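K.L.:
One-letter residues, chain by chain:
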Amino acid sequence: MNLEMRYFDVSDIQFGSKTSYGGGCLFINREELIALISEDKRLRHVDMELANPGEKTRITNILDILEPRINLEHRDYFPGMLGAIRRAGEGTTNVLCGAAVFEIGSMQGLCGALVDMSGPGAGFTPHSRTHNVCLLTEPSAGLQTVEYGLALKAAGLKASVYLARATLGAAPSGMEGFNLDLPRRDLGNLPRVGYLMQLHSHGDSREPFVYGDNTRRYYPTILHPNEIIDGAIVCGHYNISTAIKNSTYTILNHPVVLGLHRRHGRELNFKGVVISPEPTSLVEIRRTSMMAAGLLKHVLQVDGVIITKEGGGHTDVDLMENCEACEALGIKTVIIDNEWLGPDGSGELPLLAISPRADVMVSVGNVDGMINLSAMEKIVGGTFMHDLGGDLQQSLHIPLRFIPNAISQAGFTHLTTEGR
Amino acid sequence: MLRIIHYVNQFFGQIGGEDKAGAEPVVREGAVGPGMLIDQLLAGQGKQGRVVATLICGDNYFTEKTERAAEELIRLIDGTPFDVFIAGPAFNAGRYGIACGEMCKQVKEKFGVPVITGMFHENPGADLYKRHVHIIATTGNAAGMSQAMPKMIQLVLKMFRGEPVGRPEDEGYIPQGVRANILSDRLASERAIELLLRKMRGEEVPTEIPFPSLDVVPAAPPVLSLAGVTIAIVTEGALVPIGNPDGIESARATRFATYSVAELEKLGPEKFQSIHRGFDTTLINEDPNRLVPADALRELEREGVFGKLHDDFYVTAGVATTMENARKIGQGIASRLKKAGVAAAILTST
Amino acid sequence: MLEKEIERAGIPAVLITALVPTAQTLRANRIVPGIGITNPLGDPNLTREEEKTLRKKIVLDALKTLAAKPGKAKNLQQGDVT
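Protein chains in written order, with our numbering: chain R, 1 to 420; chain F, 1 to 350; chain D, 1 to 82.
Treat the hints with care, since some could be wrong.
Listed next, the in silico EDC-like pairs over lysine to aspartate or glutamate satisfying Cα-Cα at most 20 Å (straight line) [unchecked claim]: (1) D:56 <-> F:83; (2) R:18 <-> R:55; (3) D:57 <-> F:204; (4) D:57 <-> F:303; (5) F:199 <-> R:267; (6) R:158 <-> R:31.
Listed next, with one range per pair, are the computed distances between beta-carbon atoms [stated by the list, open to error]: (7) R:74 <-> F:216: 57 to 67 Å; (8) R:377 <-> F:286: 46 to 56 Å; (9) F:307 <-> R:301: 56 to 66 Å; (10) R:283 <-> F:271: 46 to 56 Å.
Rough simulated footprint, nothing fancy, chain F against chain D, three-plus residues with beta-carbon under 8 Å [to be verified]: (11) 12-21; (12) 41-47; (13) 52-58.
By construction, these hints were calculated from the structure, which means they are not laboratory data. All of these numbers come straight from a predicted model, not from anything done at the bench. Don't be surprised by glycine CBs; every beta carbon is placed ideally from N, CA and C.
Looking at chain R on its own, in the form it has when it is part of the complex (with noise of 0.2 Å):
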């Protein structure tokens, strides 16, 4: 499988009379995109804000994150989402990198997220730099929260592609190739390397999107990397905290797959990609990972794998079951979570389940830490959420948990912790 990825460069967005793109700058019509968001009537009252990197601006109601892409030989994007059904991760696929599209909305019992575009907040997340489309919509008058998360996620994806429509015809900044055929001996002896990753299935809203359908439906099974980096995974989640869930743009984006992917006949042999869901109760959970294990050991043949999960505390047992299967077969591993140590960081128990097989962990931080962020001149998205309360343009002492991507369970993040 042959992708390549054609990045076009953002370094402003504006309003404009037609959407295009030029000099490194992304026009925007207004009307036109609210017009094709406003389509479905799911949604009512839609705008649309637009915040750059260093303006005094606080994005609130934040559901979903994702970046405007475009497949050149489809013309579509997110198949089985959104495109037709097809599979990702090869051909030629348009980027507009330093763009972001944000879902917004307000619903009790949804989990919206939070980003300054400047002040001791930014540095917490790569969305203080990118430059930044956002959504703002209201639920039609009696919508459940389960429909409004669907509206809200055709109306991201339907943004991404209209937006990346804007690169047809136009020069690329920078090309990259991912490609992981290589003649046997370039890989020789190379460490063979394989990626689980475990994907949140406890309920509508509360899971991605595979190709389209729910992950509590599949056992696990092997993706090629390219597919991952190339929209055949969309963020579902709409009732769990960013924190604790991969935005679509991470999993565009995924640090793992293209650290991985980057360093395949050089430092490693990357052999695939097993997903594979989070069942809730302890007899799936054994038989998940026994599968996803026997997956990445006699399918993938792999010597190591990288663990990540989804979700809160429970699915710490699934990341122990999976360490365990995976080195009881010889595969040795190493996870990526983040801790649970109360605001003080005084916690005695970092995760809610533990194996001594877990020796070597990387901690994306405490998610109960908390942060100062300034007060700010603007605010886009609203001044209330349901999880924090209201007045939110003045000075706040929050949990990190609510700004994207400080606390990340893919490793996109700098955060970690160390013993004081």
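Mind docking chains F and D on chain R? Use the hints.
P.N.:
Okay, now just chains F and D, sitting in the frame of chain R:
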């Protein structure tokens, strides 16, 4: 000019020895005893700063009348402008250590200034206060004064400048037993890949999340016979009356509530729903017996399998609870059970 | 954790949970496996009557555990009793 207030006991305050341990709180202008070392060290480093006032209190007076002593001492400096507070060091003197720890804690709370003290790691004050204030690790007795004081000054100046406090082994303080969020220079994914390649090469690699040592509680003795005993239900699934009248948190709980089993049996999902944030509550909201098994226990009670189902059931949310709060809630529930003569408890959790 | 705090006060307590490994990690003394995370004492695949029968069985296991000396934690599957 940096203004320091220094706290010492009757001995270092040159009032007297053990015989003067009951000495009442006083304040003196400028430095006394080891405070003069503070002045010297600052001058020697070319820094503008000195001890503007010294608080002195007898160790017995402080430990026997802590609340009052602290109040009096605070009152003595209220109105004196100052920038940092230094106590001791207390080395291995237990009463002195507790006084230093408590004074630092209170001054920090009331005046919001950087505070520092120093103690030997076995000083009982160390365990009590290490999490509240920074305590420089000292030797067991005053012979270590000239090593301790410079470290105390260095760390409190760092805090005064608003710089983040570094690792215990670098700054010299007794580990507080906390893990702080910091920013690494590399992405977590990159660190993970590098560690995996090293582990695969057979190297001993460090882990970033250590295996915890957990407190083991010996099991309570079993009930001798189920006949005649009262059993209570406790749940971490946050099942509360609709509207959550007691304001039970749906995560990060700090307390529990008590509800009537009879009401649950009579009204079921009409009245009770789960507000737990950690999982999908649909199934439990359809039939709360799936979390609080009142129906099953009532039948077993009627069949005489056990004595009596306690009238009340106890509710909290078991997601992201800190150990300290879990302890508080557990103790609270346990004392209710004891008072009610409950012999044993069935806990349910997601 | 709650089970340990209640035991610390001298009252035997048993925890019914689907996540047995978590309870073992936390060193709970008495554990009885529940059915699912979202339904510790229920099973939507059964009729209400069958569910109640299963629930009674798990609760009976729990009661027996309260009257028995706690065993060593082992690799529990659903239906095991500590």
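K.L.:
Kindly indicate which numbered hints from before are broken by the structure, ordering the numbers from low to high.
P.N.:
Numbers 1, 2, 3, 10 - these are the hints that the structure violates, sorted from lowest upward.
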